[in-house]
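**Student:** Those protein sequences? They're chains R and F, same order as listed. Counting in this note's numbering, the first sequence runs from 1 upward without gaps. Counting in this note's numbering, the second sequence runs from 1001 upward without gaps.
Wrong hints could be hidden among the right ones.
[To be verified] Distance ranges between label pairs, derived from CB positions:
1. R:A282 / F:E1086: 43 to 49 Å
2. F:D1005 / R:R81: 37 to 43 Å
3. R:A282 / F:R1121: 48 to 54 Å
4. F:A1081 / R:Q83: 21 to 27 Å
5. F:R1121 / R:Y148: 38 to 44 Å
6. R:L88 / F:A1060: 46 to 52 Å
7. F:D1199 / R:L88: 38 to 44 Å
8. R:E253 / F:R1120: 40 to 46 Å
9. R:A282 / F:M1001: 42 to 48 Å
10. F:R1136 / R:E19: 38 to 44 Å
It is worth saying that the hints were derived from the structure and are not from the lab. Glycine included, each C-beta is placed from N, C-alpha and C at the ideal position.
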Amino acid sequence: METPKQQFLDVDRLLESSEVQTRGNYLPLIFGVVVLLTFMVGQALADAMQASPGVVTALKLAVMTGVLIGVSSFSVSSLRRYQRQQLLLQSIDELMHLRRWPEAGTSLERLLSRPARLPQVRVQALIYLGGVLSRYHRYTDAIRVYEYVLEQVRLDAPTDLSIRIGRAMAMLHEDHLVDADRAISELRRHPAGGASGAVALVEIYRDVKTGHMDDAIRLAIEKRDPIRLQLGHRCGDVHALVARAYDVLNQPEAAQQSYRAATLLQPEVELQRRYAEVARLAGKYAPAQQPQGDA
Amino acid sequence: MISADHAIARFRRDLALGIFARALLLVTAVGGVVISGSRVPSGNMIGSALMIAVMIAWLALNRRAARRSRQVADASSLIAAGRFEEAEKEIELGLREFSLARTVKLVGLHHLALLRHAERRYGESAILCRTLLNQRLGTMGNIARPTRLIMADALLETADLTGAYAAITALYQEKLSLIEAVQLQSIQLDYLSQIGAWDAMISGWREKVDMTEIMPTEVSARSQACLALAAKKLGGTTLSTWLVSRVELLIDPARLVAQRGVLAELWPGQLPVSGNAPAEPA
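Isolated chain R (complex conformation) (with noise of 0.2 Å):
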């Protein structure tokens, strides 16, 4: 019989395989029964053994040394299964600043495919997951994980933000426009939301898909100072979306500037790659072009 074979990132499997394994803290009873146990038998012996007290005192030593090693290579074991699982999520970190797509998937798959050691882990994961689903476009997918994490997880508020702002990406990249532009609400209620430099990035991208140019040409400039502070480079994304807004108002020199500016800090292949909309000006405007050779 043939097996099925496994979807690449299937979100079902990964958010039960992954979930974490809740253990009894037995520790501390095991600790008191062998404590306990090694009164008792000290107590037994000595009684009977009254000629050898020495016997009775190198038995318990021996108890006792081989509660504490077997405590401390318990601890140790549990932190280095812990620690094998940080350092698999800083690489996934790594991985997906270096763009190399293919390879974070591929270790979220790993990591997610067994049950996680801690609960902010598996947190951590789940929002790199969304993250690589939706480089792949597979924005309904990054959506499931996202409502995921927000419906399962008390979240710190800038983490809350940054998934709901990664949900309602996705839900504009999927055209679900009426749940993206009540996810957008909710951001602007939320409490880091007001000043936030990406909120302010998906009103553009939502005012550039229902067609409100104008009101996403004048986002972009009301908030310039925080959407440069906190989007970095990303701010790039800023300038091809209010590029493609100009080229819609027929004001090719503006899009042409703005188009120069998003290609200096981001490559056009990459934010084409982001943005269908983005996509079309492909060949219209010149991108800036990176010095060649040496300097």
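Since chain R is already given, all that's left is putting chain F on it; use the hints.
**Tutor:** Same frame as chain R, now just chain F:
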């Protein structure tokens, strides 16, 4: 607010206390074993009670240390979020409370150095880093790299170029993560621009430019401005212009020039504010 000197004094005292407490527990446990095996009346009972007491104390202190260790670790996310006062409280608590584990104290001091760096109190940050690096870190060796990075940057900010050079060189011996390598590159470019080593700066500029794209905005802009300056000094006008255009999209040049007077050469209209003048080549 806890001062660097006070924190260091407390840190040293607590490390000594920790060693004493561990030795005391060990001596008591051995004493318990010896007494329980002796012919002293009720010796077995007393000895066993002593051993149980030691084990309970050891377990309780370790659990407390683990809890405190998690709280101290939270301080780094508070610092990253700019919630300095809350971070200060967490760190102070970690440094003030007695802990059997050295880890809590070491991480606490590392986070205090990080906090002072974020607050731009570079002198204090450098002192804290130096104290930490002078310790035998053992299993906590992984905090040596970030601590050295903080120290190199803090020393550069206080214009201690010799100290910064020593810290940067020590980092070459280490295997760095991507984020650490990116931090080192920004510090290194800053250092090289201050000593005027333009050739070294521009070598491998493509890879350096790629790395700047994953830095925080201000650091990225400063690093690219340093590269632009080096390109200009070496006659690479096209590269310099391209980099300057990128920087201008990221930050107002006046802000950069205020931080690093040497960059005024790229934007002649902007005047340097502080006395961070270019140093003579070493």
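**Student:** Each of the hints needs a verdict: does it hold here or not?
**Tutor:** These are the hints, each one checked on the structure:
Restraint check, A282 of chain R to E1086 of chain F: a C-beta distance of roughly 48 Å satisfies the suggested window 43 to 49 Å. A C-beta distance of roughly 40 Å is found between D1005 of chain F and R81 of chain R, which places it inside the suggested range of 37 to 43 Å. Remark: the range hint 48 to 54 Å for A282 of chain R to R1121 of chain F is upheld by a beta-carbon distance near 49 Å. Roughly 25 Å separates the CB atoms of A1081 of chain F and Q83 of chain R, a value that falls within the hinted 21 to 27 Å.
For the pair R1121 of chain F and Y148 of chain R, the supplied restraint of 38 to 44 Å holds, since their beta-carbon distance comes to about 42 Å. A hinted range of 46 to 52 Å for the beta carbons of L88 of chain R and A1060 of chain F is inconsistent with their spacing of about 33 Å. The supplied range of 38 to 44 Å is met by D1199 of chain F and L88 of chain R, whose beta-carbon atoms lie about 39 Å from each other. For the pair E253 of chain R and R1120 of chain F, the beta carbons lie near 42 Å from each other, so the given range of 40 to 46 Å is met.
Between A282 of chain R and M1001 of chain F the C-beta distance comes to about 55 Å, which lies outside the given range of 42 to 48 Å. The hinted range of 38 to 44 Å is satisfied by R1136 of chain F and E19 of chain R, whose Cβ atoms lie roughly 40 Å apart.
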